[in-house]
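Participant: So the chains spell out like this:
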Amino acid sequence: MIPPGGAVFAASTSDVPLAFGGIGAVLLALAVLTAIADRLALTAIPLFLVAGLAIGEGGIIDFPVDTELVATAGEIGVLLLLLTLGLEYSPEELIRGMRTSALPGVVDALAGFVPGFVVGLALGWQVEAAILLGGVCWISSSGIVSKVLADLGRLGNRETSTVLNLLVFEDLAMAAFLPAVAAMVVGGSITSTLITVAVALFAVAVVFAASLRWGQAFSHRLAPASDETLILAVFGLTLLVGGLAHRVQVSAAIGAFLVGLAMADPVRARAARLTAPLRDLFAAAFFLFFAYQIDPGDLPAVAGAAVVLLVVTGLSKAAAGWYAAKRDGVAIPGRVRAGTVLIARGEFSIVIAALGASLADGPELGALAAAYVLLTAVVGPLLTKQADPIARRLMA
Amino acid sequence: MADVKETQLPGVGVRLEFTATDGAHVGVIAHRSGRRELVVYDRMDPDRCETVLQLANDDARTLAELLGASQVQEVYDVVQQQIEGLAIEWVTIGESSPFLGRSIADGAFRTRTGASIVAVVRGEETVPAPEPDHVFRAGEVLVAVGTVDGLAQLASLVNG
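Chains A and B supply the protein sequences, listed in that same order.
Per the numbering used here, residue 1 is the first one in the first sequence, and the count goes up by one each step.
Per the numbering used here, residue 1 is the first one in the second sequence, and the count goes up by one each step.
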């Protein structure tokens with residue numbers, strides 16, 4: 001949060017007001033974008049990405065922004081995204097989700113991951129980058145999906161519990177996937193990578209078990225705290241655990257996810273309410289900075305691959321959703337709704353792609369992920385709005 | 001009463017549904033925030049529902065009263081008339097109550113206000129004559145008996 005030189009308190013330093021001015025102007029622009037997104041009943045993520053591309057190097061305007069400040073804010077944004085995800089579900093819900101949707105979850109994982117991985121290899125990328133692209137194509141955006149479900153009044157629909165359970169499974173799978181790929185990206189020999197991955201997964205399992213066991217007691221201690229105390233405690237704990245997790249190469253984001261998971265009601269509900277505005281602020285910085293680093297000149301080269309992935313993973317995701325809904329006894333119109341609503345990818349695709357920034361194929365991966373998220377986040381919600389007419393055609 | 005089917009909606013809340021006598025399929029989505037949605041399922045596409053009503057916390061309670069829980073109010077009126085000076089009060093434990101996670105004994109409410117907590121209602125479940133070591137959770141409703149002043153003191157203590 002402190003700009004380079006730590007001069008945040010020194011009003012006389014001339015570059016601080018300049019840094020504030022730049023950030024302020026960007027935030028105001030983002031505020032306008034979120035208002036537009038609300039109007040269009042979309043989430044703001046695609047618009048943030050476009051804004052980041054526009055102000056970055058090679059973009060429309062070269063805007064004077066303190067990139068170090070935005071980068072740090074963005075990293076906090078990832079932690080908060082994962083924290084609020086952990087706060088979203090109780091450990092019981094995660095376990096139930098894992099039980100009820102294990103098979104559809106695996107089908108869904110293959111439907112998303114395999115096309116991404118194959119396209120990555122076909123582009124001639126190294127295996128690590130292809131695996132990350134698989135991850136980018138796998139995880140549906142729980143942010144976009146839950147917003148679309150609420151906006152379209154589908155929360156009461158039968159297929160909605162199927163969709164939500166599938167999202168829970170994906171999010172839980174992320175808890176294993178993220179630390180594993182984070183360790184893989186660090187590289188080294190195959191054995192050392194395997195050991196790091198094993199250590200990371202073991203750490204996740206230990207913390208998960210501990211949170212199941214002691215989360216309740218821990219939350220009871222926090223329960224009488226005021227809002228002020230609670231937000232400071234939760235935010236502090238998130239950064240601390242995130243930092244520690246990073247030290248042992250478990251990926252800071254997963255540390256934050258586990259902090260969220262460890263909270264039990266009623267503290268969980270309060271913490272979720274208190275951290276949501278912080279997350280919105282910092283996550284905006286994350287999406288902006290991610291796109292800012294992308295050279296728009298790279299986009300035409302990946303546009304073809306992005307469209308291919310949109311079509312292939314759109315169909316395979318829709319098929320996975322169809323299968324999961326059918327398994328729960330939902331009729332054809334509901335299966336089409338479940339399938340199409342899952343097409344949107346968003347925040348976690350970007351989180352996964354950002355992990356690969358240091359790879360040789362990182363810039364291309366970033367550009368492709370941005371293009372892909374832009375496409376699916378717009379096409380997915382539009383398609384699912386048309387789900388019922390599509391279903392009538394299928395049945396006719 | 002018809003069979004009520006309960007489905008968990010992770011991250012959202014719970015969906016409760018039943019088939020009414022006339023064949024209509026009715027559901028209630030209980031959001032975690034306390035908001036309620038009343039939905040009716042489509043007869044042609046039974047997986048799909050139409051939201052009929054969005055109810056805030058208090059609205060849901062009001063509607064429940066209107067739909068038939070009004071007997072509770074009648075009983076309450078009778079009790080209050082029978083013993084002059086004695087009142088009953090329902091106190092909801094708010095999310096910011098300083099007594100979350102603490103017990104009845106911790107609060108020493110009878111000593112401080114003269115009012116007694118005679119029952120605790122948690123969702124569908126009622127605990128009559130709760131033990132002093134009963135630990136409060138948000139959303140619980142305390143049923144307390146005492147003087148009007150004592151009950152007012154209790155209410156302001158509980159919700160800080």
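Don't take each hint at face value.
Stated by the list, open to error - Okay, the calculated beta carbon distance ranges per label pair:
hint, chain 1, residue 1, chain 2, residue 2, range
1, A, Met395, B, Gly68, 38 to 44 Å
2, B, Pro132, A, Leu40, 54 to 60 Å
3, A, Val311, B, His25, 35 to 41 Å
4, A, Thr34, B, Val14, 28 to 34 Å
5, A, Ala303, B, Met44, 54 to 60 Å
6, A, Ala209, B, Gly68, 56 to 62 Å
7, B, Arg110, A, Leu232, 20 to 26 Å
8, B, Ser103, A, Val379, 51 to 57 Å
9, B, Ala119, A, Ala319, 29 to 35 Å
10, B, Phe18, A, Gln216, 51 to 57 Å
11, A, Leu232, B, Glu6, 35 to 41 Å
As the list claims (entries may be wrong) - Computed far set for chain A versus chain B, every beta-carbon distance over 12 Å:
hint, residue
12, Gly21
13, Ile55
14, Ala71
15, Leu103
16, Val127
17, Leu149
18, Gly156
19, Ile195
20, Leu201
21, His220
22, Phe235
23, Val267
24, Leu281
25, Leu315
26, Val379
27, Ala387
Claimed, not checked - What the simulated footprint calls covered on chain B by chain A, stretch by stretch (three residues with Cβ under 8 Å from a Cβ of chain A suffice, anywhere in the stretch; the number is not a length):
hint, stretch
28, 3 to 15
29, 42 to 54
30, 120 to 131
31, 149 to 158
Simulated from the structure, these hints should not be mistaken for laboratory data.
We put the CB at the ideal spot given by N, CA and C, even for glycine.
Participant: Now, for every hint given, state plainly whether the structure supports it.
Facilitator: Here is what the structure says about each hint:
Roughly 41 Å separates the CB atoms of methionine 395 of chain A and glycine 68 of chain B, a value that falls within the hinted 38 to 44 Å. For the pair proline 132 of chain B and leucine 40 of chain A, the supplied restraint of 54 to 60 Å holds, since their beta-carbon distance comes to about 56 Å. A hinted range of 35 to 41 Å holds for the C-beta pair valine 311 of chain A and histidine 25 of chain B, which are about 37 Å apart. At roughly 30 Å, the beta-carbon separation of threonine 34 of chain A and valine 14 of chain B lies within the given 28 to 34 Å, and the hint holds.
For alanine 303 of chain A paired with methionine 44 of chain B, a C-beta distance near 41 Å fails the hint of 54 to 60 Å. The hinted range of 56 to 62 Å is not satisfied by alanine 209 of chain A and glycine 68 of chain B, whose Cβ atoms lie roughly 46 Å apart. Distance hint check: the CB atoms of arginine 110 of chain B and leucine 232 of chain A are about 35 Å apart, inconsistent with the given range 20 to 26 Å. Separated by about 55 Å at the C-beta atoms, serine 103 of chain B and valine 379 of chain A satisfy the suggested range of 51 to 57 Å.
Checked against the hint of 29 to 35 Å, the pair alanine 119 of chain B and alanine 319 of chain A fails, with Cβ atoms roughly 53 Å apart. For phenylalanine 18 of chain B paired with glutamine 216 of chain A, a C-beta distance near 32 Å fails the hint of 51 to 57 Å. Checking the proposed 35 to 41 Å range against leucine 232 of chain A and glutamate 6 of chain B shows it holds: the Cβ atoms sit about 37 Å from each other. For glycine 21 of chain A, the condition that its CB be more than 12 Å from all CB atoms of chain B holds, with the nearest at approximately 38 Å.
The non-interface label for isoleucine 55 of chain A is consistent with chain B: the shortest C-beta to C-beta separation is roughly 33 Å, beyond 12 Å. Residue-level check passed: alanine 71 of chain A sits 30 Å from the nearest beta carbon of chain B, beyond 12 Å. Listed as a non-interface residue, leucine 103 of chain A keeps its Cβ farther than 12 Å from every Cβ of chain B; the least gap is roughly 17 Å. No beta-carbon of chain B is positioned within 12 Å of the beta-carbon of valine 127 of chain A; the least distance is around 34 Å.
With a minimum CB-CB distance of about 8 Å to chain B, leucine 149 of chain A fails to clear the 12 Å threshold, and the non-interface call is violated. The Cβ of glycine 156 of chain A does not lie farther than 12 Å from every Cβ of chain B; its closest approach is about 4 Å, which violates its non-interface assignment. The Cβ of isoleucine 195 of chain A lies farther than 12 Å from every Cβ of chain B, with a closest approach of about 34 Å, so its non-interface assignment holds. Listed as outside the interface, leucine 201 of chain A is consistent with that label: its C-beta sits roughly 23 Å from the nearest C-beta of chain B, beyond the 12 Å cut-off.
At roughly 4 Å from the closest C-beta of chain B, the C-beta of histidine 220 of chain A falls inside 12 Å, breaking its exclusion from the interface. The claim that phenylalanine 235 of chain A is not at the interface with chain B holds, since no C-beta of that chain comes within 12 Å of its own (minimum 19 Å). The beta carbon of valine 267 of chain A sits about 9 Å from the closest Cβ of chain B, which is not more than 12 Å, so the claim that it is off the interface is violated. Non-interface status of leucine 281 of chain A relative to chain B is upheld: no Cβ of that chain comes within 12 Å, the nearest being about 21 Å off.
The beta carbon of leucine 315 of chain A sits about 22 Å from the closest Cβ of chain B, which is more than 12 Å, so the claim that it is off the interface holds. Distance check on valine 379 of chain A: its Cβ is at least 22 Å (rounded) from any Cβ of chain B, clearing the 12 Å threshold; non-interface status holds. The Cβ of alanine 387 of chain A sits about 10 Å from the closest Cβ of chain B, inside the 12 Å cut-off, so the non-interface label is violated. Proximity of the stretch 3 to 15 of chain B to chain A, defined as three or more residues with a beta carbon under 8 Å from a beta carbon of that chain, is established by the 7 residues found.
For the stretch 42 to 54 of chain B, the assignment as covered by chain A holds, since 7 residues bring a beta-carbon within under 8 Å of that chain's beta-carbons and 3 suffice. Counting residues of the stretch 120 to 131 of chain B whose CB falls under 8 Å from any CB of chain A gives 0; the rule of at least 3 is not met. Check on the stretch 149 to 158 of chain B: 0 of its residues sit with their Cβ under 8 Å from a Cβ of chain A, so the three-residue criterion for coverage is violated.
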